[in-house]
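Number of protein chains: 2
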Amino acid sequence: MTRTVYVNGEYMPETEATVSIFDRGFLFADGVYEVTSVIGGKLLDFDGHAVRLQRSLDELEMKNPISKEDLLEVHRELVRTNEIEEGLVYLQITRGAADRDFAYPGDDVEPTIVLFTQAKPGLANSPKAKEGMKVISIEDQRWGRRDIKTVQLLYPSMGKMAAKAAGADDAWMVEDGHVTEGTSNNAYIVKGNTIVTRQLSNDILHGITRAAVLRFAKEAQMNVEERAFTLQEAQAADEAFITSASTFVMPVVEIDGQAVGTGAPGSVAARLREIYLDESLKTAI
Amino acid sequence: MTRTVYVNGEYMPETEATVSIFDRGFLFADGVYEVTSVIGGKLLDFDGHAVRLQRSLDELEMKNPISKEDLLEVHRELVRTNEIEEGLVYLQITRGAADRDFAYPGDDVEPTIVLFTQAKPGLANSPKAKEGMKVISIEDQRWGRRDIKTVQLLYPSMGKMAAKAAGADDAWMVEDGHVTEGTSNNAYIVKGNTIVTRQLSNDILHGITRAAVLRFAKEAQMNVEERAFTLQEAQAADEAFITSASTFVMPVVEIDGQAVGTGAPGSVAARLREIYLDESLKTAI
Numbered sequence: 172m173t174r175t176v177y178v179n180g181e182y183m184p185e186t187e188a189t190v191s192i193f194d195r196g197f198l199f200a201d202g203v204y205e206v207t208s209v210i211g212g213k214l215l216d217f218d219g220h221a222v223r224l225q226r227s228l229d230e231l232e233m234k235n236p237i238s239k240e241d242l243l244e245v246h247r248e249l250v251r252t253n254e255i256e257e258g259l260v261y262l263q264i265t266r267g268a269a270d271r272d273f274a275y276p277g278d279d280v281e282p283t284i285v286l287f288t289q290a291k292p293g294l295a296n297s298p299k300a301k302e303g304m305k306v307i308s309i310e311d312q313r314w315g316r317r318d319i320k321t322v323q324l325l326y327p328s329m330g331k332m333a334a335k336a337a338g339a340d341d342a343w344m345v346e347d348g349h350v351t352e353g354t355s356n357n358a359y360i361v362k363g364n365t366i367v368t369r370q371l372s373n374d375i376l377h378g379i380t381r382a383a384v385l386r387f388a389k390e391a392q393m394n395v396e397e398r399a400f401t402l403q404e405a406q407a408a409d410e411a412f413i414t415s416a417s418t419f420v421m422p423v424v425e426i427d428g429q430a431v432g433t434g435a436p437g438s439v440a441a442r443l444r445e446i447y448l449d450e451s452l453k454t455a456i
Numbered sequence: 172m173t174r175t176v177y178v179n180g181e182y183m184p185e186t187e188a189t190v191s192i193f194d195r196g197f198l199f200a201d202g203v204y205e206v207t208s209v210i211g212g213k214l215l216d217f218d219g220h221a222v223r224l225q226r227s228l229d230e231l232e233m234k235n236p237i238s239k240e241d242l243l244e245v246h247r248e249l250v251r252t253n254e255i256e257e258g259l260v261y262l263q264i265t266r267g268a269a270d271r272d273f274a275y276p277g278d279d280v281e282p283t284i285v286l287f288t289q290a291k292p293g294l295a296n297s298p299k300a301k302e303g304m305k306v307i308s309i310e311d312q313r314w315g316r317r318d319i320k321t322v323q324l325l326y327p328s329m330g331k332m333a334a335k336a337a338g339a340d341d342a343w344m345v346e347d348g349h350v351t352e353g354t355s356n357n358a359y360i361v362k363g364n365t366i367v368t369r370q371l372s373n374d375i376l377h378g379i380t381r382a383a384v385l386r387f388a389k390e391a392q393m394n395v396e397e398r399a400f401t402l403q404e405a406q407a408a409d410e411a412f413i414t415s416a417s418t419f420v421m422p423v424v425e426i427d428g429q430a431v432g433t434g435a436p437g438s439v440a441a442r443l444r445e446i447y448l449d450e451s452l453k454t455a456i
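Here the protein sequences line up with chains A and B, keeping their order. In this text, residue positions in the first sequence follow my numbering: the first is 172, and each later residue adds one. In this text, residue positions in the second sequence follow my numbering: the first is 172, and each later residue adds one.
If you are wondering where the hints come from, they were derived from the structure by calculation, not from laboratory data. Misleading hints may appear alongside valid ones.
You can't tell identical chains apart in this list, so a pair holds if it fits in one copy or across any two.
To be verified - EDC-like cross-link-like pairs, simulated, lysine to aspartate or glutamate; straight-line CA separation at most 16 Å:
id, residue 1, residue 2
1, Lys234, Glu187
2, Lys335, Asp272
3, Lys291, Asp270
4, Lys213, Glu244
5, Lys239, Asp229
6, Lys291, Asp272
7, Lys305, Asp427
8, Lys335, Asp427
9, Lys239, Asp409
10, Lys362, Glu396
11, Lys299, Glu230
12, Lys335, Glu232
Just so you know, these numbers come straight off a predicted model, no measurement behind them.
Pulled out of the complex, with its shape left as it was, chain A reads as follows (with noise of 0.2 Å):
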């Protein structure tokens, strides 16, 4: 099937969907994006991208060429046209088309807006939920603003191919002895009670995803430690799990080689997957 996307306030069938090639998104990844989950055909935590993604903008001095309303009216009318029951919208914006230079054009170029859909059926039933993810270990050598979501991807990209050729489902990014994140994903462990993530600066991506999780654990009354921690701490640990939009919640059951906890996913991932995918699907929109 041919998905239908938009393009610059036009929707068209993916074979026609193009940009210039002198879209700074192209030729500088001047640009920004968002990727939000689609379950029962309904648009997980819009509110919460659509927020971030104000903020990535705003961080790159780049205008937003939509208006909130709008935009949830293009996710829905894509969902609807390619009748997406599970699986994502993808949103980017860029600071628009204009003669290569380092510097930013003029107010005068209109920033581009793509978006187009993917079909992911058993998104919500993933066999890896209850398998656990394996994941390798390497160096986070990405940008220093990892906190806005922008196309800089090559690296997470990189990472994902050194972990398949590794035989493992993704990579943890290590900064100076302590986990980054995951080259698409959020990183937890579990010890004892006690859940442990990163805290937020410019070192990680603000998950939308991390955001949610950690208020509903902290509402099930589970004790959370925003505090880096290192991949050591992380073989030793009881559990081990990663949060995204597109993933929800997923358990990590081995880091480089070696078993994290029994080596089966962990209680913890379990329920806090439960509840996401309960509490975030009574505000889908």
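Using the hints provided, position chain B relative to the given structure of chain A.
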């Protein structure tokens, strides 16, 4: 005038030149580039750029969609068609278009190749070469593989804007107290009879102009030291300058508001610029 550009084997007007919204250059900054200068309608150091392009592709396990001979012919054809006497040819290769996935697509996906020209009348006789540039310093927040010439250029772009906002021409990036390079150029200082520039590593781009200028400097019996230098050392130097394919050799006369040497362009930079242009033109093709 509408430029003729080159996209995936075809010449076309720039207004029609597009890439898919699924191009990995647009979605993941999964692409590399080169910029070659044109003087008198001829390409400077084409071979050097072709060799570095292949190295960048190899480092990223990316296919090269074009032979060196064909690449040269496309460069020449664009220079001819667009009547470029002085200017640049920009080349970008990405991993191609595929549905969004952090993992690289299969071998059936062909790379995207884009080339376009930029006319820069007066490039060789730039008034800046007589005035000198002012630079500010900023922290180097780029990723760890700056030796690969990728399109992850958002931070250099932000640095250029910070420089403009401060009334300067460019920014020198500083890491662990030492200058790495400019936003799109290599950085040098001169103290006594010695030219100092940072040694090659993953921390800086392996400049094609850098290699040529150092060769010419040694041939002219100048002392060259390849080592890291501090900002304070630069401010206390007799001269400072940059090199890049599009600026050749350009004097720096002010760093963070402090004059370098006399505050006027120095004789070493002037001499190196002259030698570089003379020698490069001899082998231009």
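- Task: Return the numbers of the hints above that this structure violates; sort them in rising order.
- Result: 1, 9, 11
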